[in-house]
Structure formats: structure tokens, C-alpha cells
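Participant: Assemble the whole structure, with the sequences as input and the hints as a guide.
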Amino acid sequence: KAGVTQTPRYLIKTRGQQVTLSCSPISGHRSVSWYQQTPGQGLQFLFEYFSETQRNKGNFPGRFSGRQFSNSRSEMNVSTLELGDSALYLCASSLGRTDYEQYFGPGTRLTVT
Amino acid sequence: GQQVMQIPQYQHVQEGEDFTTYCNSSTTLSNIQWYKQRPGGHPVFLIQLVKSGEVKKQKRLTFQFGEAKKNSSLHITATQTTDVGTYFCAGQSGRFGAGTRLTVKP
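For the record, the sequence lines run as chains A and B. By my numbering, the letter at position 28 of the first sequence is numbered 16, and the numbering carries on one by one without gaps. By my numbering, the letter at position 59 of the second sequence is numbered 65, and the numbering carries on one by one without gaps.
These aren't lab readings, by the way, just hints derived from the structure by calculation. Among the clues, some could well be false.
[Unchecked claim] Here are the simulated DSSO-like pairs of lysine-lysine, each with C-alpha atoms no more than 27 Å apart in a straight line:
id, chain 1, residue 1, chain 2, residue 2
1, B, Lys57, B, Lys76
2, B, Lys65, B, Lys42
3, B, Lys57, B, Lys111
4, A, Lys45, B, Lys111
5, B, Lys76, A, Lys45
6, A, Lys45, A, Lys1
Facilitator: In C-alpha cells:
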């Protein structure tokens, strides 16, 4: 089975711009979760989608949004980028919700200048 | 909301020494998962504990889930350089501990 894939792997954006990140889960996995990882804050949960519905959400501002398509692929959007949004964004897929083991993708490294 | 605290933040050991990282939750957990992230890599699932008092072993790694299902530990016996990385615990709903970064001196 192919693993979780994320595109793009690296991205450089300017403050104020918006960005869309993509995640393709493992075939058969219906849950996709997104995380922000920074050196100082560890892994911060953004949101989880299951069968195209947002099932859980972390404590991030409304600038962070996501969606899931019928094929379980997911996108995450960040609008009005700030310098502090520079981070590694990881997505993880699982069979069910986040109570199940999660398989992480390689991440998208976002740099905001 | 549920908070998962993990200590220590860093641990540096000599190869062959033991290592332990601890997780504590403010609320009862339905299960706890452990992940390992190598430098430059992404988190990789190690194990899930579900039952109160559960103990599971994977070679030199021993995982425990507390009786009250509020705490857990990961113990590595006789560390090797291949154990280097950050170990995370995770409760339900995507709540990860801050991680313990392990470095091993050969």
C-alpha cells in the first residue's frame, strides 16, 4: 500500500498570502487529521475530517480551514499568512477517528517571509 | 479540554543506559498511543494501549498504561544509537504530548 502523501513538500510564501496544502491518505482510510509542528510547540492538532465532515477541531484561528473530498483526500487552507505560521504541517490518516493508529505523511514545510 | 503532559522534554544518555518518558493526562483516557519521530522524519506509530494497567513490550521497549488510565510510560532498556529521536504520547482526539527528545552518546 502506498503511504500518506502530501504536496507540496516545501513552500515559501509572503505574509498576507494564502496557501493550500494537500494530503492523500492511505487507500481505505477515511479519517484525515492535520497537525502543525514547530520546534517550540510540538505537535499541535488542527482538525480531523472523517467521511467529509469535520469531526474535531483544535485551538487555531479561523484563518486555518480544511475540507475533505469524497475520495478522502484532504486539503488545508491558511489565509492571510503570518510569520508565525511557518512550520511543518503534517497530515495523518487512519481507518477511523484519531482513536486509531495514525499514519503520518512526510509533511509540508511552509516558510512565511 | 484534555491536556497531555509529557516529561522530560529532553534526555541525553550514554549508549547502554536506560531511558524512560512519562505522560500524564488531566482526564481519563480511552486509550494512549506512542509515536517515534526520527530527526528529519515524521512520527511513526509504535503502539496503542487500551486497558487499565496494560503492559506491552516490543523488544527493548516497554509501554505501560496506568490503572486510572491517566498516565503512561515508555521505557527503553539498554539504549542504542538507533533509538535517537523524539517520542510522543497521544491521547484521543489528536492531543499529543510535547514529546521527549532522546539523544544517545555512543
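Participant: Next step is simple, just say for each hint if it's right about the structure.
Facilitator: Here's how the hints hold up against the structure:
1. Lys57(B) <-> Lys76(B): 11 Å, holds
2. Lys65(B) <-> Lys42(B): Holds, at roughly 15 Å.
3. Lys57(B) <-> Lys111(B): Roughly 35 Å separates the two Cα atoms, so the pair is violated.
4. Lys45(A) <-> Lys111(B): 40 Å, violated
5. Lys76(B) <-> Lys45(A): Holds. Lys76(B) to Lys45(A) sits at ~22 Å (cutoff 27 Å).
6. Lys45(A) <-> Lys1(A): The hint holds at about 25 Å.
Hint check: violations occur at hints 3, 4; the rest are consistent with the structure.
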